[in-house]
Amino acid sequence: MAASPDSFWLLSYNVRVDFTGETLEYREEVIAETLREHAPEVILIQEASEVMIAHYQLMLPDYYYLVGERSDGHRGDQRWYEFVPIFYRPDRFEVVDQGSFWVGEDPARPGDTLDNSKHHGRSFNWVALQDRSTGKQVAIGNVHIHGQRAEVAVELLVKRMRQAVGQMPMILAGDFNSLPESAAYQRLVAPDDLGLVDARAIAGQVRGPLETSLGSGEAVASHDMATRKPRDSGRPARRIDYVFVTPDVQVDEFEVQKREVEPGFFASDHFPIWVRVTVP
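Each residue of the sequence shown is one higher than the one before, starting from 1 at the first, in our numbering.
Worth double-checking, as some hints may not be accurate.
[As the list claims (entries may be wrong)] Distance condition first, Cα-Cα at most 20 Å in a straight line; then the derived SDA-like pairs of lysine to any residue:
#1 Lys159 with Gln205
#2 Lys258 with Val30
#3 Lys159 with Lys258
#4 Lys258 with Pro230
#5 Lys258 with Ala39
#6 Lys159 with Gln186
#7 Lys159 with Ser100
#8 Lys258 with Pro209
#9 Lys258 with Arg36
#10 Lys159 with Pro209
#11 Lys229 with Val261
#12 Lys258 with Thr23
#13 Lys258 with Gly217
#14 Lys258 with Pro236
#15 Lys159 with Ala190
#16 Lys136 with Arg162
#17 Lys159 with Gln98
#18 Lys136 with Glu94
[Said to hold, decoys possible] Have a look at the derived ranges for each label pair, beta carbon to beta carbon:
#19 Gln163 with Pro263: 43 to 53 Å
#20 Glu105 with Arg235: 32 to 42 Å
#21 Pro280 with Ala226: 27 to 37 Å
#22 Ala190 with Lys229: 40 to 50 Å
None of these hints come from the bench; they were simulated from the model.
Cβ atoms here follow ideal geometry from the backbone N, Cα and C, with glycine treated the same way.
With the sequences and hints as input, model every part of the structure.
See below:
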């Protein structure tokens, strides 16, 4: 399919948080290659610590970024703060509006999770962008949520975002920790509920595996790889990372890749997702 001049690439990638930076040197070359592939105009990153964001700023000098709120699951322990930053190309887009809030019963309260866990506060980060050449607008949200009560979380995300951006075309992507058969996924794609569309299901071209996650922390490249067993390629992975769009967004291409550092060891325990989309 020939690329439309109005289309753009978006990458969504859970990069596996590294609070101290100890494993980044073993993964950052592959991560850097991933972030640059397809030259995406928008990059959504999940599980990014402040150390990692500093690395990505150096890797992506042509991008501006919006950090948003941090997860505050471990109060007072700086290592456990995570962000869901959004990087974008300022030569292509300008910011119309932006926002960030915590995913919980009280979105204004840090670390207010829906499953009452003290360990993993979650935040949501969104931006409304306008194409400098066409004037077209699109709202993009980045999230990393729990699987528990995720069906409540996705309602919160979609409705608050819709309230902020009106009828603007929307893209919602990230790590949902929810399988396709989950209540959260079903709510997201039900036409009479949240009314989004799974980008993979409508893409003109689809490349790569269906699965997006190996399992928490599994087979991530690190300093102790010589003493660790590589992942068994026959073991099943899971699909818990998605890109959802409103029905008015055209998905031209959808691609997932397993990015290995060396056979059996990966740059993250999740796989990157690229989509090329065209907004009305």
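Status of each hint after checking the structure:
1. Lys159 with Gln205: 30 Å, violated
2. Lys258 with Val30: 11 Å, holds
3. Lys159 with Lys258: 33 Å, violated
4. Lys258 with Pro230: Holds, because 14 Å separates the two Cα atoms, which is no more than 20 Å.
5. Lys258 with Ala39: 18 Å, holds
6. Lys159 with Gln186: 16 Å, holds
7. Lys159 with Ser100: Given that 20 Å is the threshold and the Cα spacing comes to 14 Å, the pair holds.
8. Lys258 with Pro209: 8 Å, holds
9. Lys258 with Arg36: Holds, at roughly 15 Å.
10. Lys159 with Pro209: Violated - the C-alpha atoms of Pro209 and Lys159 are around 31 Å apart, more than 20 Å.
11. Lys229 with Val261: 14 Å, holds
12. Lys258 with Thr23: 18 Å, holds
13. Lys258 with Gly217: 15 Å, holds
14. Lys258 with Pro236: With Cα atoms ~13 Å apart, Lys258 and Pro236 stay inside 20 Å; holds.
15. Lys159 with Ala190: Given pair Lys159, Ala190 holds - Cα atoms ~14 Å apart, limit 20 Å.
16. Lys136 with Arg162: 17 Å, holds
17. Lys159 with Gln98: This hinted pair holds, its Cα atoms lying about 15 Å apart.
18. Lys136 with Glu94: Judged against 20 Å, a Cα distance of about 11 Å means the pair holds.
19. Gln163 with Pro263: 43 to 53 Å: Between Gln163 and Pro263, where Cβ atoms are some 47 Å apart, the hint holds.
20. Glu105 with Arg235: 32 to 42 Å: 37 Å, holds
21. Pro280 with Ala226: 27 to 37 Å: 52 Å, violated
22. Ala190 with Lys229: 40 to 50 Å: 41 Å, holds
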